Every structure is written in structure tokens, then in C-alpha cells.
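Start from the sequences, fold in the hints, and give me the full structure.
Protein sequences appear in the order of chains Y and G.
Take the first sequence: its position 131, counting from 1, is numbered 131 in this note's numbering, and each next residue is one higher.
Position in the second sequence (from 1) plus 1000 gives the number in this note's numbering.
Incorrect hints may appear among the rest.
Said to hold, decoys possible - Pairwise CB distance ranges (calculated): (1) G/Glu-1204 x Y/Ala-118: 48 to 58 angstroms; (2) Y/Glu-102 x G/Lys-1046: 48 to 58 angstroms; (3) G/Val-1085 x Y/Pro-178: 55 to 65 angstroms; (4) G/Glu-1205 x Y/Glu-102: 55 to 65 angstroms; (5) Y/Asn-114 x G/Glu-1109: 47 to 57 angstroms; (6) Y/Tyr-58 x G/Arg-1203: 46 to 56 angstroms.
The hints are simulated quantities; they were obtained by calculation from the structure and are not laboratory data.
Treat the numbers as computed from the prediction; the structure is a model and nothing was measured.
From the three backbone atoms N, C-alpha and C, an ideal C-beta is built for every residue, glycine too.
Below are the chains, spelled out letter by letter.
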Amino acid sequence: KMAAATMSPYFGQQMSSKNDLVPAWTSQEVSTGTTIMALEYDGGVVIGADSRTTTGAYIANRVTDKLTPIHDRIFCCRSGSAADTQAIADVVTYQLGFHSIELDEPPLVETAANLFRASCYRYREELTAGILVAGWDRRKGGQVYCVPIGGMLVRQPVSVGGSGSSYIYGFMDSNYKPNMTKDQCLELTAAAVSLAMERDGSSGGVVRLASISKDGVERRVILGNQLPKYSTH
Amino acid sequence: MEKRSVDSRVRGVSTGTTILAATFDGGVVIGSDSRASIGGEYVSSKTINKVVQVHDQIFCCMAGSLADAQAVTKAAKFHLSFHSVQMETPPLVIAAASVLQELCYNNKEELQAGFITAGWDRKKGPQVGAGRGDSHTGSRDTAVQSNSTYWRVAAVLIPCVPLQVYVVPLGGMLVGQPVTIGGSGSTYIYGYVDAKYKPNMSREECLQFATNALALAMGRDNVSGGVAHLVVITETGVEHVVVPGNKLPKFHNE
Chain Y
1 KMAAATMSPY FGQQMSSKND LVPAWTSQEV STGTTIMALE YDGGVVIGAD SRTTTGAYIA
61 NRVTDKLTPI HDRIFCCRSG SAADTQAIAD VVTYQLGFHS IELDEPPLVE TAANLFRASC
121 YRYREELTAG ILVAGWDRRK GGQVYCVPIG GMLVRQPVSV GGSGSSYIYG FMDSNYKPNM
181 TKDQCLELTA AAVSLAMERD GSSGGVVRLA SISKDGVERR VILGNQLPKY STH
Chain G
1001 MEKRSVDSRV RGVSTGTTIL AATFDGGVVI GSDSRASIGG EYVSSKTINK VVQVHDQIFC
1061 CMAGSLADAQ AVTKAAKFHL SFHSVQMETP PLVIAAASVL QELCYNNKEE LQAGFITAGW
1121 DRKKGPQVGA GRGDSHTGSR DTAVQSNSTY WRVAAVLIPC VPLQVYVVPL GGMLVGQPVT
1181 IGGSGSTYIY GYVDAKYKPN MSREECLQFA TNALALAMGR DNVSGGVAHL VVITETGVEH
1241 VVVPGNKLPK FHNE
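In C-alpha cells, the structure reads:
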């Protein structure tokens, strides 16, 4: 049973409110309040994420890697509860690996997405997980599947997720065009994630990017001082 | 979601909305959508004009509780006209913003209103300011769920100062900025505005920028919609532009 493994939060809060020596974040669940993104291009996918994990107001990890490999050419972007998403990703990695050995060929992205959806939907009451599944397979090329909180599954050419995503819907709607090249996708992802990091308190750190195609996976990191700058007021 | 609809049934008609104001070279554009809804369940008006004139060249944008916003702008209108008679000169935009700030701050417990003030005065040219009156300070809450950021904000746009807009957010602070956005729909266009706005644009560029921003927000926020009301304020006067729904710019996924 995949229950979120935290101490009863009610008990924790009682302790904190009575005792000023115990900071509030010791009783708050670790969350990847975040900005994640995935786009399809002709021949593969580009995925991106920020790198901040928070426990309440404390940044538990400022260099988190939210782009998790599930198989050779399939990744997932995690948002929501850090524990929940790690647990689900581990389960799906196992299930997919087993399935791929049985099949004796690389698994389909749609299969991985359905495995995520199965877990997220079955345990929807206990979980807080918003996941983007992206990868490349021989049948359909680059694909992005969105599995938001609640356990829906939908394929979209471009998808954003996490708390920071609200701020970049307008930017994405206006800047995304179908049939972009890989470099255009990388640029757009870096720009969008930076904009979201600027506005969302739960997103920050560095921008992690990855591109997945039939030739493999290329990963890169854009550090804080190299991020595109915008005139903010 | 539950709490939101209970709140609005208690508070009555609210304008979940998108409002913005931006300065350009020689003037300021202030605009809003035109939808009034009851908690996102029923659209009570498709054609409401949330851009209110409080003086000849000073405008306000309403966001948040419609009743609160109307009451506050009515009071502000009175104060400003009295003030301008006393001073024997049109009021400054910052004066209008301050009037709103005072009303918002002194009544912050009862009000759910934030204001964007924009306009033009002779001392400082085009300006924008924003203010909000609300009993919840820090209501701009970025929760993990992307659909739960919701400002109860009434915005008043008053024109003033060298290319600055005044913002009086919830609580009654007063801040001057070159561009400002407000309302529930504004969360979706922060990225767009940060990336696209440049100071000292031309009038046409600024108008296109404002129209695009409103269209993008209306496309994602279910409590913003209808037509885009825009007002361009310059030294020479005031011009109203209304862009009907079917003439709004379309984007790739529409």
C-alpha cells in the first residue's frame, strides 16, 4: 500500500504551536512545489524543471533533480509530494523494467504513462502527485503525457505542471508553435522555467533540462547567473 | 473550491477578473475583461465594464467584490472632485491613488477590493498604481495546486507620474510601477508580462501587448472572459477601445 509516510501532521502541529523551539517546517511534509515542463518536437522530447524542494518555508534541497529516468528513453518530471512521487517512480521503474524484459524490446512511452496513471488513480485519496511522462519510442516518436493530481491521463504536445506553472500559461500559449526544432524547444523551456522561478516562491535554484531522442538522452544544467534575464519592475 | 463558492454566495456577485495597466511612451493603457460571476458557477454579466472613470484623465480598474469596488470608486470619485475644486486644478494620479489607499486601508476588515490606478496628470505624465483592500493580508497565496491562486482584489487605475502606475493591493499598500496586473486571471500572465513588457513602447505596441495579455488570461481563467475593455490615456485625452470576443487574438491551441 502506497501511503504517504509522514508522522501524523496534526500531532506535529500541536507540538510546534506549543513549543517555539521546534520550527514549523519540522512538521510539514516535504513538497516539490515546483515548475516542470515537457514539449514534443519532431524526433523527440525536451523536458525541464527547477531544482527547489521545500518543507514549508525551508528549502530542504536547492539542487534537486526532478527529472527522473524510468527507462533508457523515458523520463518523468515530478511535482507534488516528494515522498509520493519518489515512491511512485520507483514502483513504475520496476514494473516497466520487468515488462520490457518480458517483451524483449524497449517499452512504449504510453505504457509508462499508463502505469503512472494506474498507481495515481488507484491511490488518489492518499497521494499528492502531479507527473509529466515524456520520452521517445519507435512506434510514435517523441511523446508527452500528463498525469495530474487525481490520476487523469492525457497526451499533449506541450505540458506544464507544478505550482509555478500557473504563471507561465500565458507565456506558453503565446510562444509555443507546433513543429519547433530541438534547440528552439530547449530555449523556450529554459525561458519559461526561469520566468516561473522568478514569480513562484516554491520554485527556484537552477534549471535542469534534458532532451530525449532515438540517439539517447542529453542532460544539461543552467545555473542561476546564466538564466535569461527579464525586466522586472 | 468549496470555500470559494460559499464565500461568494455570502458576498454576492464578485468579479473574478483580469485587469492590467501599462505605461508607454506618452501615455498609459488600462484594461480589463468583462465577466462578472458568482463563484465561478454562473456568469451574472458578460458585458460589465470594470474600467471606471474617477476623474477626467484618471481611471480605475475593478477586481474582487463588485459591490465593494463600486462603493469605493463612488466614494473616491466624490473625494477627487471635491479635491480638484479645492485645489482649482485637476488632481494628480498619486492623489487619486492615495484616496483609494486610504479607503482601502481604513476599511480593510470589510473590503475585498484591490485597485490599479492609472492616468495622466500634468506634473508627472502617465502613471499607473495599484492597491487592494482586503481583510486577508497575504492573500496572494501560491499553493501547490495551480488553480487555487485567487485574488479577491478590486483595482483602481489612476494615471500619474513619470511612467508609473500605482498599485494599491489588498491591505492598502501603495506602490508605483511601470506595469501592473491584477485579478484572478493575472496569475496566468505573469510570465508573459515579465517577458513581453518593455518600457517606452509605442502606443500601438502597448495596445497590442495589453490585448494579448488579456486574451491569454481569459483563455485560461474560467472567471475572466467576454470582451476586452481598454482605455488609452494620454495628455491629449482619453480613448476607449473595446475588442469583442471573436476579434481577440487567437493562439496555437485554439
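Hints versus structure:
Checked against the hint of 48 to 58 angstroms, the pair G/Glu-1204 and Y/Ala-118 passes, with Cβ atoms roughly 52 angstroms apart. Between Y/Glu-102 and G/Lys-1046 the beta carbons are some 56 angstroms apart, a value that agrees with the proposed interval 48 to 58 angstroms. At about 59 angstroms, the CB distance of G/Val-1085 to Y/Pro-178 agrees with the hint of 55 to 65 angstroms. G/Glu-1205 and Y/Glu-102 have their C-beta atoms about 59 angstroms apart, which keeps the hinted 55 to 65 angstroms range intact.
With their beta carbons about 51 angstroms apart, Y/Asn-114 and G/Glu-1109 fall inside the hinted range of 47 to 57 angstroms. A hinted range of 46 to 56 angstroms for the beta carbons of Y/Tyr-58 and G/Arg-1203 is consistent with their spacing of about 47 angstroms.
The structure agrees with every numbered hint stated previously.
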